[in-house]
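Keeping their order, the protein sequence lines are chains R and U. At position 61 of the first sequence the residue is numbered 61 (the numbering used here), and the sequence of numbers has no breaks. Whatever position you read off the second sequence (first residue = 1), add 1000 for the numbering used here.
There may be inaccurate statements among the hints.
To be verified - Computed cross-link-like contacts, SDA-like style, restricted to lysine to any residue with a CA-CA straight-line distance of at most 20 Å: (1) K1146(U) to D92(R); (2) K109(R) to K1098(U); (3) K1165(U) to G106(R); (4) K1095(U) to G1107(U); (5) K1098(U) to K1146(U); (6) K156(R) to K1098(U); (7) K146(R) to K1098(U); (8) K1166(U) to K156(R); (9) K166(R) to N1086(U).
Think of the hints as simulated: they come from the structure by calculation, not from any bench.
Next come the chains, spelled out residue by residue.
Protein chains: 2
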Amino acid sequence: MKITVLRLGHRFIRDKRISTHIGLVARALGADKLILDAPDDDVKRSVWKVVENWGGEFEICFTDDWKGYIKDFGGERIHLTMYGININEVLDDIKASKKDKLIIIGGEKVPPGVYSLVDRNIAIGNQPHSEVAALAVFLDRLFEGKELNKKFEGKKMIVPKSRGKKVLNER
Amino acid sequence: MKITVLRLGHRFIRDKRISTHIGLVARALGADKLILDAPDDDVKRSVWKVVENWGGEFEICFTDDWKGYIKDFGGERIHLTMYGININEVLDDIKASKKDKLIIIGGEKVPPGVYSLVDRNIAIGNQPHSEVAALAVFLDRLFEGKELNKKFEGKKMIVPKSRGKKVLNER
């Protein structure tokens, strides 16, 4: 099962760090690819630097036709929105399908057309919070936490410690 | 069990949106209070506006002595850091304790002293990603997903829908 994350409504400057966090969360929690709806090379560079240093097969790219991308996606299209159905009610259904998934995250100003283009509108709770958090909780639930045990083969690797920091470099 | 989130290393301008997301995630996923180590009124105002509209008992305040705050906290002090022990290995232990919890999140430049001031250094995976995501996954794991069913009594309330948006206002 491949997971692609589509980040809509990216605004340059204002959203650079949020979109970068989205990319890093996608990579660290088991997604395969991030697509932004605006060609922000700074975000691409920041995420790419992490991939280069810490490993993994993560891809990041841009689209100027997000509607077409959603329509043509060959798998399940899931929009994370606080207006949707609480994930607690539908998680078992979502996990039952092994289809590839497109996870769409917008933010405050998501274009209204999105709701009807997707297969599911899912809420990580029906309260306003954060698209970064929504993506993280969704992936953690989907993979039942096992994504946090995934090994990445990178130049850098952390040796987990109960105190302090230990990083192996240039292995 | 009360949950307080301590956000260290908040930098004005650069971190406004990230710290706001942290506050909103803390509130929406079952924490009771956010403390920032810098008196940023914009962040306070943004989080407070959500509390005012959407309800709940969430508090937000500042400290100029985060070391003292950690030392004096009467409960379990848990630092979320990618250098720590993977949460998958210690979640059962953490859940077994019903003590109040102080969740400390820093970011890239967390002061080195933090690691030895706390009871546990816990990694939401040992890969770089996002303090917003780390907090969200931690709370979702701690409360076993039940936090997303919590009812907030606010002026606004979402009626979950599989398509589109429905919000009740000024109930």
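Hints, verified against the model:
1. K1146(U) to D92(R): holds, 15 Å
2. K109(R) to K1098(U): Cα-Cα ~39 Å, so violated.
3. K1165(U) to G106(R): Measuring from Cα to Cα gives roughly 14 Å; hence the hint holds.
4. K1095(U) to G1107(U): violated, 24 Å
5. K1098(U) to K1146(U): holds, 16 Å
6. K156(R) to K1098(U): Cα-Cα ~36 Å, so violated.
7. K146(R) to K1098(U): violated, 25 Å
8. K1166(U) to K156(R): Cα-Cα ~47 Å, so violated.
9. K166(R) to N1086(U): Distance ~14 Å between K166(R) and N1086(U) Cα, so the pair holds.
Hints 2, 4, 6, 7 and 8, counting from the list given before, are not met by this structure.
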